[in-house]
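Student: Residues per chain are reported as follows:
There are 2 protein chains.
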Amino acid sequence: MCIFKDLKMNHQKKRVLVAGTFDLVHAGHIYLINEAAKLGEVFVVVATDKNRELFSGKRPIIPQEQRLEIISNLKHVKDARLGRSDNNTLKTVEEINPDIILLGPDQKYSIEILKKGLAEKGLNHIEIRRLEKYYDKFELHSSSLIKQKIIENSKENNS
Amino acid sequence: MCIFKDLKMNHQKKRVLVAGTFDLVHAGHIYLINEAAKLGEVFVVVATDKNRELFSGKRPIIPQEQRLEIISNLKHVKDARLGRSDNNTLKTVEEINPDIILLGPDQKYSIEILKKGLAEKGLNHIEIRRLEKYYDKFELHSSSLIKQKIIENSKENNS
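If you read the protein sequences in the order shown, they are chains C and Y. To get this note's numbering, take the position in the first sequence, counting from 1, and add 783. To get this note's numbering, take the position in the second sequence, counting from 1, and add 783.
Chain C on its own, in the form it takes in the complex (with noise of 0.2 Å):
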């Protein structure tokens, strides 16, 4: 065992892990990107179009290049990149190494397969957690409530 390594790497700042799709940009976002800068230098995985629509059938309003602008200046992102558009998102997460995953309250990822799925990699070391409380300081905490908003507001000035 190597006492000095081990000394050094108490010294490091954590790496932290988040991803999402970041359409319209609320303030729930930044409060998981200012909870997880509590652990550690935040790392964002910004989910690409072609991988939205994958998963849940639609694009997000907001095109992939423009999401990962916004993210990538805000305080404290460390750093931000685009996932990838295929299925293998480990790979990614394999590429940033990260030493916490910090999962949105809203993210239906299970911990469990997401778990088994890092340990088929070799990456049992890399500590999930889920942030509990849900953000609603604000009323329009979520992307969805944002557009519905807009489209309620559209229907009233046309009627």
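Just so you know, these hints were derived from the structure itself, not from any lab. Just so you know, not all the hints are guaranteed correct.
It does not matter which identical chain is used: a pair holds within one copy or between any two.
Taking lysine-lysine and the DSSO-like style, the derived pairs with C-alpha atoms no more than 27 Å apart in a straight line are [claimed, not checked]:
{"hint": "1", "residue 1": "LYS861", "residue 2": "LYS920"}
{"hint": "2", "residue 1": "LYS858", "residue 2": "LYS899"}
{"hint": "3", "residue 1": "LYS916", "residue 2": "LYS858"}
{"hint": "4", "residue 1": "LYS891", "residue 2": "LYS904"}
Based on these hints, arrange chain Y on the given structure of chain C.
Tutor: Coordinates of chain Y only, in the frame set by chain C:
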């Protein structure tokens, strides 16, 4: 004349004021703020809901506190605050005391009228610049275009 004071002043970063509604934050907003950061420390004034209603007849989609939350969390923003809810917008300029006011390419204020207003308050030293280049690197480079796409998508889904 105090030479030492002047020397000190030269080493201080300039204070750059940027103002806007920032209703649905997009890459154009990021561009304006990052260009301002090239000139000095960026202080952002986020328009209040009431003020927007006074000027344009309608409130923004995103309430003022949420808009402020996102702008405050952008990398190159030194400080962000809400503007006033009356017509005395120059009072906020006086409080921030910037060296430069940077206008966005689509901000309709006349530089001449703004200069006159500042002069009346004894704020002749503030330089006013306008970002000439309209940011159109990305498809959805304005809040209106984003709203339009959301409304069109919703119509397609309902048809």
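Student: Report the numbers of all earlier hints that the structure fails to satisfy, in ascending order.
Tutor: 2
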